[in-house]
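Throw the hints in and build the complete structure from the sequences for me.
What follows is the residue order along each chain.
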Amino acid sequence: MNMVVCIKQVIDPEAPPASFKIDPATNKVVPPPGVAPVVDPYAEYAVEAALKIKDAKGGKVTAVSLGTNLTRDIVKKPLAMGADELILLEDGAFDGGDSWSTAYALAMTIKKLGEYDIILCGREASDWNAGQVGSAIAEILGLPSITLVKKIDIADGKARVERVTDEGYEVIEVSLPVLITVSHEIGEPRYPTIKGIMAAKKKEPVVWKPADIGVEASQVGAAGRRTKLLKLFQPVRGGKCEIVGGESPEEAAVNLALKLRENKVL
Amino acid sequence: MSENKGVMVFCEVSQGKLTSIATELLGGGRKLADDLGQELSAVLVGSGVSGLAQEAIAFGANKVYVVDNPLLKDYQTDSYVIAMEKVVKQVMPQILILGQTAIGRDLAPRLAFRLNTVASLGCLELAIDPQSKLMLQTKPVYGGNAQAVFVSATFPQIATVRAKAMTPLERDQSRKGEVVTIDAGLDPSAIRTRVLEKVSEKLEGIRLEDAKVVVCGGRGIGGAEGFKQLEELAKLLNGAVGATRPPCDNGWYPAGAQIGLTGKIITPDLYIAIALSGSSQHMSGCSGSKVIVAINKDAEANIFREARFGVVGDWKKVLPALASKLKELLAG
Chain A
1 MNMVVCIKQV IDPEAPPASF KIDPATNKVV PPPGVAPVVD PYAEYAVEAA
51 LKIKDAKGGK VTAVSLGTNL TRDIVKKPLA MGADELILLE DGAFDGGDSW
101 STAYALAMTI KKLGEYDIIL CGREASDWNA GQVGSAIAEI LGLPSITLVK
151 KIDIADGKAR VERVTDEGYE VIEVSLPVLI TVSHEIGEPR YPTIKGIMAA
201 KKKEPVVWKP ADIGVEASQV GAAGRRTKLL KLFQPVRGGK CEIVGGESPE
251 EAAVNLALKL RENKVL
Chain B
267 MSENKGVMVF CEVSQGKLTS IATELLGGGR KLADDLGQEL SAVLVGSGVS
317 GLAQEAIAFG ANKVYVVDNP LLKDYQTDSY VIAMEKVVKQ VMPQILILGQ
367 TAIGRDLAPR LAFRLNTVAS LGCLELAIDP QSKLMLQTKP VYGGNAQAVF
417 VSATFPQIAT VRAKAMTPLE RDQSRKGEVV TIDAGLDPSA IRTRVLEKVS
467 EKLEGIRLED AKVVVCGGRG IGGAEGFKQL EELAKLLNGA VGATRPPCDN
517 GWYPAGAQIG LTGKIITPDL YIAIALSGSS QHMSGCSGSK VIVAINKDAE
567 ANIFREARFG VVGDWKKVLP ALASKLKELL AG
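Chains as they are written, first to last, in the numbering used here: chain A, 1 to 266; chain B, 267 to 598.
Calculated directly from the structure, the hints in this document are not laboratory data.
Every value quoted in this text rests on a predicted model; they were computed, and no experiment measured them.
Any given hint could be a false lead.
To be verified - Simulated restraints on C-beta separations:
# : chain 1 : residue 1 : chain 2 : residue 2 : range
1 : B       : P336      : A       : R190      : 40 to 46 Å
2 : B       : K556      : A       : A18       : 20 to 26 Å
3 : B       : D395      : A       : T26       : 19 to 25 Å
4 : B       : E491      : A       : D153      : 29 to 35 Å
5 : A       : R190      : B       : E444      : 53 to 59 Å
6 : B       : D344      : A       : R190      : 31 to 37 Å
7 : B       : D449      : A       : K240      : 36 to 42 Å
8 : A       : N27       : B       : D300      : 26 to 32 Å
9 : B       : D395      : A       : E216      : 28 to 34 Å
As the list claims (entries may be wrong) - Here chain A is said to cover these stretches of chain B; the calculated rule only asks that three of the stretch's residues, wherever they fall, bring their Cβ under 8 Å from a Cβ of chain A:
#  : segment
10 : 375-384
11 : 563-574
12 : 582-591
The C-beta atom is built at its ideal place from N, Cα and C for all residues, glycine as well.
Set out below in structure tokens:
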């Protein structure tokens, strides 16, 4: 079973909200000082899904990450969790892409890898929340795609997956190869083990440039975009919080109930 | 661009009715169409859906395209992409909007890339730029810490819109419109997936996404027992219970109830946040709530920056007293 997982290095979404800043001149987020980037939490669910399959059926898990200034200790996390290989698409030309141009580079990378049974992505990424890269990779490679998946079972060259719906979930069967986007219901991503961390330290990622995957710089990154970002802004949060007090917590609670009634919240 | 005209809404059907998001999109789509001085069309895709065409007209559509085929009974990416590709190529709309639902999130991007265009998912607002006449697509990014306005210059411009972001028109049965049937020309062998089973997982009571009141617990609840108390309060207020990520990761509460960046995004009228700090990742799932009420023993917790009303105190003491007073008030 050959699995490819797409991961992304992002600004830590758990950084204190007050540290979030935008540079209006560039329409870019300013990385909060002193807060290290992380592997996108959605992508970690995809890594977890791949490792669950590996636990059950064996196989090889290759993580692919596209970006610039990729911090090795961070993007190596999938290796520390149990993945086998790491490929980095690291080049200025890959920078500033949208879902389409990012997916194009990832799809060409997967094509170059050649052998794959399951491609896994997070359902979206925590920075741009676009939620389209998985579907785009499937479209470019001509593969079936199943999104928002919470469980994967493999048997007889087929995947039987549970896809989260608005009412509950549905069980879908599909022949391999397939692209799957993973939702958080798959279960908490495992922590890297000491052994995994040691192994990851020794492993050097493969770094590919546009030419290595057979694409022109003009097809990827900002040059390959189909969407244009007009504006990036922080929404204004309304109003100040009214702290409802009392002699005791119980009295404060009663005052809160009265306050809610008074303000017709209930 | 000159060949593409009109605004099209993909209308989802559930249990023989137009979904509420479909009527909301028709309301929002009507505005966009009027701003462009163009027609609004609705698309119904499914099996046995043609009877709903008049309903779509009553909610504002000038034209309804119906793709009715037994192969379209269940949503499947391949069959719906093929059906919608056919509709879009025939009608050539300028704009196509879908709901930010399990179906819309799957269909919109795959269809967009099939059509050599692109989509924006989870928009809060769509508007027509007065100069360029392009659709301005506003959506939360960075987990709700920021909002972005996107435009795309490939047609159709495709967006999915979150529930409750748009308002339906009053249903008016005197509205007139045209119904057009389109044959999807589906070849069963083009459908590479098979739906084996559909499982309805309605938790007891109201769905989180539909609830007007949501009571949400965080790490400070401390265990599964605590959530029982939250359920009691939710029941009293005819609401639903949510949780932040730690209680779900620790197995205190089902993962399906997780509110936040990696969980569900909800917009209730009242959000009661109990023993949760209000991290960015959590707030991105609930910051659209009309009123947020916070109960937390840490006066410095970020949730007090987001809340309208708050009590600083131990939830174990505050919650029972709050519940009993609310019960008394609601009974009176």
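message: The hint says 36 to 42 Å between B/D449 and A/K240; measuring C-beta to C-beta, is that right?
response: At 59 Å between Cβs, range violated.
query: Quick check: the segment 563-574 of chain B, covered by chain A? Criterion 3+ residues, Cβ under 8 Å.
result: holds (count 7)
- request: Note whether the CB distance of B/D395 and A/E216 lies within 28 to 34 Å or breaks it.
  value: holds (31 Å)
query: Are three or more residues of the segment 375-384 of chain B within 8 Å, CB to CB, of chain A?
result: holds (count 7)
query: Taking a Cβ-Cβ distance under 8 Å as contact, does the segment 582-591 of chain B have three or more residues in contact with chain A?
result: holds (count 7)
query: Do A/N27 and B/D300 keep their Cβ atoms within the hinted range of 26 to 32 Å?
result: The hint (26 to 32 Å, Cβ to Cβ) holds, given that A/N27 and B/D300 are roughly 30 Å apart.
- prompt: CB of B/D395 to CB of A/T26, is that within 19 to 25 Å?
  reply: At 22 Å between Cβs, range holds.
query: Okay, B/K556 versus A/A18 on CB: inside 20 to 26 Å?
result: holds (24 Å)
message: Looking only at beta-carbon atoms, does the pair B/P336, A/R190 fall within the given range of 40 to 46 Å?
response: holds (43 Å)
message: Quick check on a hinted range of 31 to 37 Å for B/D344 and A/R190, using CB atoms only.
response: holds (33 Å)
task: Determine whether the Cβ-Cβ distance between A/R190 and B/E444 falls within the hinted range of 53 to 59 Å.
output: This hint holds: roughly 56 Å between Cβ atoms.
field: A/D153 and B/E491 - C-beta distance against the hinted 29 to 35 Å
entry: holds (33 Å)
Comparing the model with each numbered hint stated earlier shows that hint 7 is the single one that does not hold.
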